[in-house]
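Participant: Sequence:
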Amino acid sequence: MTPQITLYAAKICPYAHRAEIALAETGLPFKRVEIDLKNKPEWYPKVPAITYGGAEHPPEAPPLTQRSSPNPSSSAKARYFVEAVGSRFAPPWYASYGRGEPLDKLLDGIESLQALLPATSKFAVGDQYTIADIVATPFFARLEVALTNDFGAYAPGEGPKAWKTLTTEPRFARWLEYYKNLTARESFKKTFDEEAIKRAYVAPASRK
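In full-length UniProt numbering, the protein residues as written are 1 to 208.
Hints were generated in silico from the structure; no laboratory data involved. A portion of the hints provided could be inaccurate.
Straight-line distance between alpha carbons at most 30 Å, and here's what the computed DSBU-like set of lysine-lysine pairs gives [unchecked claim]:
(1) Lys164 <-> Lys122
(2) Lys122 <-> Lys180
(3) Lys190 <-> Lys77
(4) Lys164 <-> Lys31
(5) Lys190 <-> Lys161
(6) Lys180 <-> Lys164
(7) Lys180 <-> Lys198
(8) Lys31 <-> Lys105
(9) Lys161 <-> Lys189
(10) Lys40 <-> Lys180
(11) Lys189 <-> Lys122
(12) Lys40 <-> Lys122
(13) Lys189 <-> Lys31
(14) Lys38 <-> Lys122
(15) Lys77 <-> Lys38
(16) Lys198 <-> Lys38
(17) Lys31 <-> Lys198
(18) Lys38 <-> Lys189
(19) Lys190 <-> Lys31
(20) Lys198 <-> Lys161
(21) Lys180 <-> Lys190
(22) Lys40 <-> Lys189
(23) Lys161 <-> Lys46
(24) Lys122 <-> Lys105
(25) Lys189 <-> Lys164
(26) Lys122 <-> Lys77
(27) Lys31 <-> Lys46
(28) Lys198 <-> Lys46
(29) Lys180 <-> Lys105
(30) Lys46 <-> Lys77
(31) Lys164 <-> Lys40
(32) Lys40 <-> Lys190
(33) Lys31 <-> Lys180
(34) Lys198 <-> Lys164
(35) Lys77 <-> Lys40
(36) Lys40 <-> Lys105
(37) Lys105 <-> Lys77
(38) Lys190 <-> Lys164
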């Protein structure tokens with residue numbers, strides 16, 4: 001009998017979302033418990049958390065590691081891409097969304113990530129969907145929600161303008177193709193709650 005898997009997560013959290021995507025990719029049944037990040041119970045430190053057979057495990061533990069590539073070269077590329085998402089995309093995104101810094105640096109970061117993508121493959125390190133893609137998906141999906149709805153500390157109108165740049169300019173064509181492949185996954189469709197993100201991504205006080 002397969003041990004009970006329980007995921008403690010929050011729909012608005014990209015880190016929790018990637019754990020949920022990873023679980024969905026395994027095809028194993030699991031119980032999901034929504035945590036209100038503004039009113040967390042005292043016993044609960046942070047999301048995501050997973051219990052497997054009654055014991056708590058980090059999101060990197062089995063069965064989530066099934067999406068790691070068995071090929072050492074591909075695994076190294078996946079780790080590098082994950083690190084690049086954290087260093088090239090996340091900092092300029094948080095700076096733009098939270099502090100209103102120009103979106104140009106964010107676009108440069110996405111272009112830098114795009115340069116790491118294989119020219120003809122569907123995903124970050126080839127045609128196999130890996131942990132690299134699972135990590136990137138929640139961030140890019142939330143980026144679309146924020147930019148298209150103009151949620152952020154940047155000047156009014158800059159969000160939709162930046163999204164138009166990402167989706168219409170030829171220099172971002174490879175990234176856009178990659179993003180479409182990510183969001184076409186059933187694991188994404190089943191786990192992404194756009195309305196919850198919209199409710200959370202309200203305009204900062206400086207924009208009200």
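Participant: Does each hint hold? Answer for all of them.
Facilitator: Going down the list of hints, with the structure as the test:
no.	hint	in the structure
1	Lys164 <-> Lys122	holds (22 Å)
2	Lys122 <-> Lys180	holds (9 Å)
3	Lys190 <-> Lys77	holds (27 Å)
4	Lys164 <-> Lys31	violated (38 Å)
5	Lys190 <-> Lys161	holds (29 Å)
6	Lys180 <-> Lys164	holds (15 Å)
7	Lys180 <-> Lys198	holds (20 Å)
8	Lys31 <-> Lys105	violated (39 Å)
9	Lys161 <-> Lys189	holds (26 Å)
10	Lys40 <-> Lys180	violated (34 Å)
11	Lys189 <-> Lys122	holds (17 Å)
12	Lys40 <-> Lys122	violated (38 Å)
13	Lys189 <-> Lys31	holds (18 Å)
14	Lys38 <-> Lys122	violated (37 Å)
15	Lys77 <-> Lys38	violated (36 Å)
16	Lys198 <-> Lys38	holds (16 Å)
17	Lys31 <-> Lys198	holds (24 Å)
18	Lys38 <-> Lys189	holds (26 Å)
19	Lys190 <-> Lys31	holds (14 Å)
20	Lys198 <-> Lys161	holds (18 Å)
21	Lys180 <-> Lys190	holds (15 Å)
22	Lys40 <-> Lys189	holds (26 Å)
23	Lys161 <-> Lys46	violated (34 Å)
24	Lys122 <-> Lys105	holds (26 Å)
25	Lys189 <-> Lys164	holds (23 Å)
26	Lys122 <-> Lys77	holds (15 Å)
27	Lys31 <-> Lys46	holds (17 Å)
28	Lys198 <-> Lys46	holds (22 Å)
29	Lys180 <-> Lys105	holds (22 Å)
30	Lys46 <-> Lys77	holds (29 Å)
31	Lys164 <-> Lys40	violated (37 Å)
32	Lys40 <-> Lys190	holds (24 Å)
33	Lys31 <-> Lys180	holds (28 Å)
34	Lys198 <-> Lys164	holds (19 Å)
35	Lys77 <-> Lys40	violated (36 Å)
36	Lys40 <-> Lys105	violated (34 Å)
37	Lys105 <-> Lys77	holds (24 Å)
38	Lys190 <-> Lys164	holds (26 Å)
Hints 4, 8, 10, 12, 14, 15, 23, 31, 35 and 36, counting from the list given before, are not met by this structure.
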